[in-house]
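Chemist: Once you've looked at the hints, dock chain B against the given chain A.
Taken in order, these protein sequences are the chains called A and B. For the first sequence, the numbering used here assigns the number 19 to the initial residue and increments by one for each residue that follows. For the second sequence, the numbering used here assigns the number 19 to the initial residue and increments by one for each residue that follows.
Read the hints as simulated data drawn from the structure, not as lab findings. Check before you lean on any hint, since a few could be wrong.
[As the list claims (entries may be wrong)] Partial list, computed: chain A residues near chain B (C-beta under 7 Å):
{"#": "1", "residue": "63"}
{"#": "2", "residue": "65"}
{"#": "3", "residue": "77"}
{"#": "4", "residue": "85"}
{"#": "5", "residue": "105"}
{"#": "6", "residue": "106"}
{"#": "7", "residue": "118"}
{"#": "8", "residue": "143"}
{"#": "9", "residue": "166"}
{"#": "10", "residue": "234"}
{"#": "11", "residue": "237"}
In this text the structure is predicted, and so the values were computed from the model without any measurement. Heads up, the beta-carbon is just placed ideally off N, CA and C, and yes, glycines get one too.
Okay, here's what each chain looks like letter by letter:
Number of protein chains: 2
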Amino acid sequence: MCELLGMSANVPTDICFSFAGLMNRGGRTGPHRDGWGIAFYEGKGCRTFHDPHPSCESEIARLVREYPIKSCVVVSHIRRANRGRVMLENTHPFTRELWGRVWTFAHNGQLKGIKRRPTGFYRPVGTTDSEHAFCWLLDRVRARWPEPPRGDAALTAFVAGLAAELNGLGVFNMLLTDGRTLWCHCATHLAWLTRRAPFGPATLIDEDMTVDFERETTPGDVVTVVATRPLTRDERWTVMAPGEFVAFRAGVHTA
Amino acid sequence: MCELLGMSANVPTDICFSFAGLMNRGGRTGPHRDGWGIAFYEGKGCRTFHDPHPSCESEIARLVREYPIKSCVVVSHIRRANRGRVMLENTHPFTRELWGRVWTFAHNGQLKGIKRRPTGFYRPVGTTDSEHAFCWLLDRVRARWPEPPRGDAALTAFVAGLAAELNGLGVFNMLLTDGRTLWCHCATHLAWLTRRAPFGPATLIDEDMTVDFERETTPGDVVTVVATRPLTRDERWTVMAPGEFVAFRAGVHTA
Chain A
19 MCELLGMSAN VPTDICFSFA GLMNRGGRTG PHRDGWGIAF YEGKGCRTFH
69 DPHPSCESEI ARLVREYPIK SCVVVSHIRR ANRGRVMLEN THPFTRELWG
119 RVWTFAHNGQ LKGIKRRPTG FYRPVGTTDS EHAFCWLLDR VRARWPEPPR
169 GDAALTAFVA GLAAELNGLG VFNMLLTDGR TLWCHCATHL AWLTRRAPFG
219 PATLIDEDMT VDFERETTPG DVVTVVATRP LTRDERWTVM APGEFVAFRA
269 GVHTA
Chain B
19 MCELLGMSAN VPTDICFSFA GLMNRGGRTG PHRDGWGIAF YEGKGCRTFH
69 DPHPSCESEI ARLVREYPIK SCVVVSHIRR ANRGRVMLEN THPFTRELWG
119 RVWTFAHNGQ LKGIKRRPTG FYRPVGTTDS EHAFCWLLDR VRARWPEPPR
169 GDAALTAFVA GLAAELNGLG VFNMLLTDGR TLWCHCATHL AWLTRRAPFG
219 PATLIDEDMT VDFERETTPG DVVTVVATRP LTRDERWTVM APGEFVAFRA
269 GVHTA
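Bound-form chain A, shown alone (with noise of 0.2 Å):
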């Protein structure tokens, strides 16, 4: 199973230590051997790497680790290949541009049959069930809205009805954001947790890492972190319930 990794925050925030708890799952303390890609936003910006190699040997991952780069939203993904060989072009997450927004996703699980769904407008690159997914999501959105839609209340709703009816194809646990809101369904595994005042220290599971975020961090900040399973063992992660779907901006849960 592949690890998700997300971040939705109301300040521009680094996700050095969260990456660093993913990046051992890819080879060291986790069989996600087969490639990891992650997406920070900045403003309307949307920077991404891509490794198909394993993240714990990455070149690039160990960047990503020590180089801060502070994004209100984020999307990553380190890959364990069931479908799709294991090239740059099957690496997730992907993006998509619509109404002038990048959209980024990443996804694991399996979709029996996605393939046989047409796409229109978006086509994958690569041969992942995932990206077609997110092909055919895109197209979606963008029949149901030609011109983006004010506020986020019916967008959320219908892109859970459009996680929900995929779900329905096999396991579907998503991380999608355009940017603004970041929307997260559980298939099987998927558990999230809110940082904000009073902060205090957390402790990575998979290393032996501890930060404490009241140094790290002013009060007004909101931060929240998503991740295929708790990254942290000292914190109240709330872990979602198969089928759940949750939406955040601005590290806030929306829905």
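Modeler: Quick look at chain B alone, frame taken from chain A:
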């Protein structure tokens, strides 16, 4: 003026040597302090690195320079902002998907009135003339061929026509690729060089660095480098004329 750098090769080739020359122009030997970006194709996949910081100070530039990512097509850009603020979303190269291929675009120059031209399917994320021009160009290609044409000749002729039209709005030095063909339009400054057997040494103009390509290559390699200005002092670059358009595929000059 911005610096463009492109590569087309018949075997996966690293661009470390040329990038070393270009990178120094990002703030050390050149005035291009407003960010840089690079896209590497590996098969159908495309990896991009973007940094709104000066390339000569950039951790990410150091990584790209030292970490030999082997690619058959590369497009890179170092920016001197003239329109559009210095932000990640305004940092070239820009990418979009069409026909299940990743298209990448980098430009230098200004295009008067480009923003009055409507965009349709593709919309700019940032505020540059360049990204607007890219969206307009891709919309035109998509409208002409909803499905990819057979062969490259008609597509190359069509892209050349669009480039000439854009050049009519101002200054349009461009590198564009669909991951297969590298299209280049010269408005003011663009030069190219094809390296093939027998290979010899090459010395960078911007840095005290020589590579002996005979030791770095095999006899069948064909590698074309395109840059705003020649990067080496001891090779025969073809300096393009204003209005000239060229295309390369697998390193070979095709049009």
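Chemist: Each of the hints needs a verdict: does it hold here or not?
Modeler: Comparing the hints with the structure gives:
Satisfaction of the interface hint for residue 63 of chain A is found here, the shortest Cβ-Cβ separation to chain B being roughly 3 Å, below the 7 Å cut-off. Below 7 Å, beta-carbon pairs count as interface contacts, and residue 65 of chain A has one with chain B at about 5 Å; its hint therefore holds. The restraint placing residue 77 of chain A at the interface with chain B holds, with a minimum CB-CB distance near 5 Å, inside the 7 Å limit. Restraint check, residue 85 of chain A versus chain B: the minimum CB separation of about 5 Å is within 7 Å; hint holds.
Given hint, residue 105 of chain A at the interface with chain B, holds; its Cβ is 6 Å from that chain's nearest Cβ, closer than 7 Å. Satisfaction of the interface hint for residue 106 of chain A is found here, the shortest Cβ-Cβ separation to chain B being roughly 3 Å, below the 7 Å cut-off. Of the supplied interface hints, the one on residue 118 of chain A holds, with its beta-carbon coming within about 4 Å of a beta-carbon of chain B, less than 7 Å. Nearest Cβ of chain B to the Cβ of residue 143 of chain A: about 5 Å, under the 7 Å cut. The hint holds.
For residue 166 of chain A, the suggested interface contact is broken, since its CB lies about 10 Å from the closest CB of chain B, more than 7 Å. Because the beta carbon of residue 234 of chain A sits about 20 Å from the nearest beta carbon in chain B, more than 7 Å, this interface hint is broken. Because the closest C-beta pair between residue 237 of chain A and chain B is about 27 Å apart, greater than 7 Å, the hint is violated.
Violated hints for the displayed structure, listed by number in ascending order: 9, 10 and 11.
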